[in-house]
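S.K.: Assemble the complex: chain H is given as a structure, and chain A must be docked to it using the hints.
Which chain is which? The protein sequence lines are H and A, in order.
Count along the first sequence from 1, then add 236; that gives the number in the working numbering.
Just so you know, the working numbering puts 67 at position 77 of the second sequence, and the rest follows in order with no gaps.
Since the hints were made in silico from the structure, they are not lab data.
Where is the CB? At the ideal position from N, CA and C, for every residue including glycine.
Wrong hints could be hidden among the right ones.
To be verified - Okay, the calculated beta carbon distance ranges per label pair:
#1 158(A) x 448(H): 28 to 38 Å
#2 278(H) x 375(A): 45 to 55 Å
#3 560(H) x 329(A): 42 to 52 Å
#4 66(A) x 557(H): 32 to 42 Å
#5 2(A) x 557(H): 45 to 55 Å
#6 254(H) x 398(A): 39 to 49 Å
#7 402(A) x 261(H): 33 to 43 Å
#8 366(H) x 266(A): 33 to 43 Å
#9 2(A) x 560(H): 21 to 31 Å
#10 325(A) x 560(H): 34 to 44 Å
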Amino acid sequence: MKQYVGRAFTHRLFWPVAMLVALLAINVIAVPGFLVITVNAQGHLFGSVIDIVRNGAPTLIIAVGMTLVIATRGIDLSVGSVCAIAGAVACSIILGSPNPDDPVVVGIAVLAAIGLSLLMGLWNGFLVAVLGIQPIIATLILMTAGRGIAMLITEGNILTVESAPFKFLGSGFLLGIPVATIIGAVIITVAALLTRRTALGLLIESVGINPEASRQAGVRARGLLFTVYAFCAVLAAIAGLILTSNQTAADANNTGLFIELDAILAVVLGGTSLNGGRYSLAGTLVGALVIQTLVTTVYTVGIPPIATMVFKAAVVTAVCLLQSETTTAAFARWRRRSVARKPVTEAVVSQ
Amino acid sequence: MPDSVKAPVPTQAPVVEMTDISISFPGVKALDGVDFRMFPGEVHSLMGENGAGKSTLIKALTGVYSVDSGLIRLGGEHVTFSEPAQAQAAGISTVYQEVNLLGNLTVAENVLLGREPRRFGGIDWRAMRRRAAEILEGLSLDVDPNSLLNSHSLAVQQLVAIARAIDIKAKVLILDEPTSSLDLEEVAELFRVIRSLKESGVAILFVSHFLDQVYEISDRLTVLRNGQLVGEYLTPELLRIDLVQAMIGKELATLDDLENKVHSGERDVAPTDGVAPFLVASGITRKGAIAPVDLVIGAGEVVGLAGLLGSGRTEVARLIGGVDRTDGGQLEVQGATIKLRTPRQAIKHRIAYSSENRRAEGIVDELSVRDNVILALQADRGWFRPIPRKRQDELAASYIEALNIKTPSADTPVRNLSGGNQQKVLLARWLAIAPRLLILDEPTRGIDVGAKAEIQKLVYSLAENGMSVLFISAELEEVLRLSNRIVVLRDRQKVADLLNDGLDVDDLLALIAEGVTEPEPVTGAAS
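Just chain H, with the same shape it has in the complex (with noise of 0.2 Å):
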């Protein structure tokens, strides 16, 4: 029974799942109905819980990306700026069609703001991988620039789009659940099964934790760079979009504002660090689960709204601390000195 203890306390996800349960219990004894879910007339799910998994989408998406760029030993700043031009452009193609109630002027709007971000993204990849300029100054270059390139885009207004299939994809439901957790839900599935399933992950670690010695083995490292920061552009794109529906309306100024602050610290509450290397999408999950929640839990325990950075940045630091190495090789001496306690005393003489 120790020994399971004992292990599941050593777990890498053990401090962030602690945290989620956490902040789900103070909700509930907030709120007693918390984790209750209904079926709504339209047959659609509905409570506090489908809203975390569905407000949370956005973040988590982008956090899928940013964790194996993070493992790569990279970081992208930009994905904020990303959304926003998706965003603009999705919305400057639908309001500039006669027909916006039209699926497939909707879909070559979503394709296009798919497409732009994927040149972003190579533009991202090209900065890191080919210039060699840190990933942190690389990225925000972007960051500064694509809400300028977002402007540009909407000319500076605020595009309120009147679309039923363009808001579908923020704020529809399939077989009663949202359609933005069901396109979160595929994407870290399809992320995980892309890169484990093939030898992406394994390449991916390589190059974020020894980039010479992957070198010297032969891994493309240049190629995996460019993969990385492409696919998180075309996440940060989706998620721009799910972002821009659900408001209705294209923000260059704030749509995605400090997304990429939540998305890394996604990725460090799941356990990844930032130093690259060994990366868990299923930590990334549990963190952006994290993050969502403490949004809600704000509202629930009624923080009033000037203290809401402040609560966040307290949990945020607590998991952060009681996963940091120290604690960890704390907890592992602990768990040594109460399984050693039997003294081994032995003959130590020659031979």
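M.R.: Chain A alone, transformed into the frame defined by chain H:
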């Protein structure tokens, strides 16, 4: 075998006394009731194979690991260190095998890092440079204190690390493999420094795999094996053969057998006669690294590259391995001209380069043994064609067995293995791609006698099976033992290309030192 404790106790009290030290890690008992002591003014060598517990013992003494049980006394007083800073403050100074300095700072900043002279609350840069210059001068090191550490060779960086350790006013100085990247002159220089420190009463713990150096410099030896104490000896009273036996713990006959087998030269490969060579390099060169060099490597031939550190031996290997690009010259593999821009292209031609820099350019330390073994093979297949898990396990298991890799399991991160075992994992990675030409750059550096013999044996049997090997080592005996032909480099130029027929160490030393080409036939003259 000599008694376990034979050394008479000197009149002084020991400065370090470790009693009944035990440390375990999950699944391993790294140290099991080990006693260890050091006296002021002695050089004490700590000997043992990979995984014997040398590093663990040092880390227990320097506060990196805390001991599970046992006592540490320093100058007679019981001490417990929970972090390296405490040990340092108590006068225990360490220079690790891998240089632990900051390359982007100046030499002066590195020497005095953390102890910068201060004035008005800030750093007194002038005093710092002066102090650093004094220390370097004391070591007769001609290094500009203002130059960046990165701009110096690994050997100079090592000496700077020692300068740093000396300045701490240490009572105990620990030198962990300090000579593994030094050439002969630099070793002599280091020994001069060690002797003068010894005279001033410092106790020096010396760890090295070079038996010659151990016998030259140390007064006393402690031998560990598998985490246990074998014994403590006075150096002059312990025969080398007994020392090796104490370290390995098995009958030395097997090692002798190997030596005889390898040495007897029963291989009668005459690759340049008739058989097309595997690789022909004509005038390959790289600016600032190596002057144009011609080199021919036959199929199944072992070509040794001999020369001092910085002679260009690694540079040649890196050009052939595709790690660095050539500025000129031509490479032919089996008669076809090839261009190598990346190691990946070299691997496509079945040329594998195993770097001398195991940590920085070899192993991927957080990944498992299995992942490290399959890495090159997997990269060669491409990401979309993963090696099935079952095949991965088979590969890992077969190499763990064949190369006698000591690891708890194939899932263990490779950084938890000792240096020699990491080297074997690296070899496994290259063997897994079935190379036609294997370039081994210092494959036996910093590893113990047993593993060394195993690797030598492996090279021998690989060549017997038709693989070409380009073998680089600072140890001339090793080069002589394994090579069919030896290419000598000096000052970034090829000075000789000789059949290994009756050559001895002195011949090679003469060539390395003087660069006089003997009237032997020069075989690598393809143009």
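S.K.: Would you say the C-beta atoms of residue 254(H) and residue 398(A) sit inside 39 to 49 Å of each other?
M.R.: Cβ of residue 254(H) to Cβ of residue 398(A): about 29 Å, so the range 39 to 49 Å is violated.
S.K.: Using the Cβ atoms, figure out if residue 66(A) sits within 32 to 42 Å of residue 557(H).
M.R.: At roughly 40 Å between Cβ atoms, residue 557(H) and residue 66(A) fall inside 32 to 42 Å, so the hint holds.
S.K.: Could one say that the CB atoms of residue 2(A) and residue 560(H) fall in the range 21 to 31 Å?
M.R.: 44 Å, violated
S.K.: Does the Cβ distance between residue 278(H) and residue 375(A) fall inside 45 to 55 Å?
M.R.: 47 Å, holds
S.K.: Cβ-Cβ distance between residue 325(A) and residue 560(H): within 34 to 44 Å?
M.R.: Roughly 58 Å apart at Cβ, these two residues miss the hinted range, so it is violated.
S.K.: Is the distance from the Cβ of residue 2(A) to the Cβ of residue 557(H) consistent with 45 to 55 Å?
M.R.: Distance hint for residue 2(A), residue 557(H) holds at roughly 48 Å.
S.K.: Take the C-beta atom of residue 560(H) and the C-beta atom of residue 329(A), compute their distance, and say whether it sits inside 42 to 52 Å.
M.R.: 48 Å, holds
S.K.: Just tell me: holds or violated, for the beta carbon distance of residue 402(A) and residue 261(H) against 33 to 43 Å?
M.R.: 38 Å, holds
S.K.: With respect to the beta-carbon atoms only, verify the hint that residue 158(A) and residue 448(H) lie 28 to 38 Å apart.
M.R.: 32 Å, holds
S.K.: Taking 33 to 43 Å as the stated bounds, is the beta-carbon spacing between residue 366(H) and residue 266(A) within them?
M.R.: 39 Å, holds
The structure does not agree with the numbered hints 6, 9, 10 stated previously, though it agrees with the rest.
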